[in-house]
Amino acid sequence: MEIAGLLASLEASALATGIRNSLYLFPLIESVHVLGLTMVFGTIVIVDLRLLGLASTRRPFSAVASDVLKWTWRAFAVTATTGLLMFTTNAGTYYHNAYFRAKMALLVLSAINTLAFELTVKRSVRSWDRNAAAPAAGSTVAALSLVLWIGVIFLGRWVGFSSASAPAPTDTDIKIENLENLVPK
Amino acid sequence: MNHFAEWLSRTSVSLVIQTHEWVVPAVQSIHIAAIGVVLASVFMIDLRILGWAGRDQTLTETTARFGPWLSGALCVLLVTGAAMVVGEPVRELLAFSFWLKMGLVAIGTVVALIFQRSLGRQQVHWETARLNQQSIKALAVVTFLVWISVVVLGRLIAYDYVWGSWSTSLKG
Numbered sequence: 002m003e004i005a006g007l008l009a010s011l012e013a014s015a016l017a018t019g020i021r022n023s024l025y026l027f028p029l030i031e032s033v034h035v036l037g038l039t040m041v042f043g044t045i046v047i048v049d050l051r052l053l054g055l056a057s058t059r060r061p062f063s064a065v066a067s068d069v070l071k072w073t074w075r076a077f078a079v080t081a082t083t084g085l086l087m088f089t090t091n092a093g094t095y096y097h098n099a100y101f102r103a104k105m106a107l108l109v110l111s112a113i114n115t116l117a118f119e120l121t122v123k124r125s126v127r128s129w130d131r132n133a134a135a136p137a138a139g140s141t142v143a144a145l146s147l148v149l150w151i152g153v154i155f156l157g158r159w160v161g162f163s164s165a166s167a168p169a170p171t172d173t174d175i176k177i178e179n180l181e182n183l184v185p186k
Numbered sequence: 206m207n208h209f210a211e212w213l214s215r216t217s218v219s220l221v222i223q224t225h226e227w228v229v230p231a232v233q234s235i236h237i238a239a240i241g242v243v244l245a246s247v248f249m250i251d252l253r254i255l256g257w258a259g260r261d262q263t264l265t266e267t268t269a270r271f272g273p274w275l276s277g278a279l280c281v282l283l284v285t286g287a288a289m290v291v292g293e294p295v296r297e298l299l300a301f302s303f304w305l306k307m308g309l310v311a312i313g314t315v316v317a318l319i320f321q322r323s324l325g326r327q328q329v330h331w332e333t334a335r336l337n338q339q340s341i342k343a344l345a346v347v348t349f350l351v352w353i354s355v356v357v358l359g360r361l362i363a364y365d366y367v368w369g370s371w372s373t374s375l376k377g
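Residue numbers (the working numbering), protein chains in the order written: chain A, 2 to 186; chain B, 206 to 377.
Where hints are given, some of them may not hold.
[What the hints assert, rightly or not] Under 10 Å between C-beta atoms, here's a sample of chain A residues computed to sit facing chain B:
hint, residue
1, Ile20
2, Pro28
3, Glu31
4, His34
5, Leu36
6, Thr39
7, Val41
8, Thr44
9, Val46
10, Pro61
11, Ala64
12, Phe77
13, Met105
14, Trp129
15, Gly157
16, Gly161
FYI, nobody ran anything at the bench for these hints, they're computed from the structure. Here the structure is a predicted model, which means the values were calculated and not measured. Even glycine gets a Cβ: it sits at the ideal position worked out from N, Cα and C.
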């Protein structure tokens, strides 16, 4: 009940209405979301491959991580912000969408995975920093991370296909031949 | 192009993709993961040129690390991209975003190939003089912007109406 009210007020907010009423804002926000997530994924792959001993093995793990992870976090901030903006436009639909829920669950698991790494293997980084691969626990975290993020990408695409979340334009002079383009694929 | 797209959409391969609903989102997901690898690889080489990352590595070492992943991911993009064109030819081939994107992909790929050739032939010159040239640093920034635009245009194929008459002119 409370959730339903919250979702409804999100959808009715000036921000959500503004995005829905614009022909261009949703596509722009979604494009930036994809840009952010490709940077998140691409940079995380670099760190995970290093942990697995599959790439950058001649550099200390800490050197690779300090080069890359700050960009991962910046890109994640962009992705989360744009994701939240898209969510507000159609909050009720997304909230009840099974793929959306599964995607959020994988993001939570990914956060737990990162936290587990920080609290355990990372604490002893000095002892394995220059080794080609991290200890077994570190490689496990890296493999899990790759699986989870690939899962996030797939589920994100399925959210798009199953929720038909395009903004409903209120523009009255919209060309009829453009209507078919409004359902994102 | 209109006729070609319509012919392509009636081929048996296209029909198989069209009738299996999971194929397009699955191929798109692989495509997105691969562009992530491309973007991050270009990014790391560009950061090295700018001196913002990997300063314990030579440019040659950085390129040796990311170059093969860049080429490999580009091959995955070519295959999955072709599958999407065959599966939804009208959506792709009549979109202004698609052709603009293809132009930028060509530019980005040619720049990467020229860079790799030049680095291989003039390694010392690159590691010393070239890395300090402002024009090379500017080119690194431009290259990254090209690939960013490729990602954005890829998503905009689904919203080609944003180009107004440029989009509809392709649709004849």
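Structure-based check of each hint:
Taken as an interface hint, Ile20(A) does not check out: its beta carbon lies about 13 Å from the nearest beta carbon of chain B, beyond 10 Å. The beta carbon of Pro28(A) is positioned within 10 Å of a beta carbon in chain B (closest approach about 4 Å), and the interface hint is therefore held. Here the hint on Glu31(A) is kept, as its CB sits about 6 Å from the closest CB of chain B, short of 10 Å. Given hint, His34(A) at the interface with chain B, holds; its Cβ is 8 Å from that chain's nearest Cβ, closer than 10 Å.
With a cut of 10 Å, the hint placing Leu36(A) at the interface with chain B holds, because the nearest CB-to-CB distance is about 5 Å. Because the beta carbon of Thr39(A) sits about 4 Å from the nearest beta carbon in chain B, less than 10 Å, this interface hint is met. Taking 10 Å as the C-beta cut-off, the interface hint given for Val41(A) holds, the closest approach to chain B being about 8 Å. The interface hint given for Thr44(A) is met, as the beta carbon of that residue sits about 5 Å from the closest beta carbon of chain B, less than 10 Å.
The beta carbon of Val46(A) is positioned within 10 Å of a beta carbon in chain B (closest approach about 6 Å), and the interface hint is therefore held. Taken as an interface hint, Pro61(A) checks out: its beta carbon lies about 9 Å from the nearest beta carbon of chain B, inside 10 Å. The interface hint given for Ala64(A) holds, since its Cβ lies 6 Å from the closest Cβ of chain B, which is under the 10 Å cut-off. Below 10 Å, beta-carbon pairs count as interface contacts, and Phe77(A) has none with chain B, the closest being about 13 Å; its hint is therefore violated.
Look at Met105(A): its Cβ only gets to about 17 Å from chain B, farther than 10 Å, so that hint breaks. Annotation: interface hint on Trp129(A) violated; nearest CB of chain B at approximately 18 Å, more than 10 Å. Given the 10 Å rule on beta carbons, the hint for Gly157(A) holds: about 8 Å separates it from the nearest Cβ of chain B. Of the supplied interface hints, the one on Gly161(A) holds, with its beta-carbon coming within about 8 Å of a beta-carbon of chain B, less than 10 Å.
The structure is inconsistent with the numbered hints 1, 12, 13, 14, although it conforms to all the rest.
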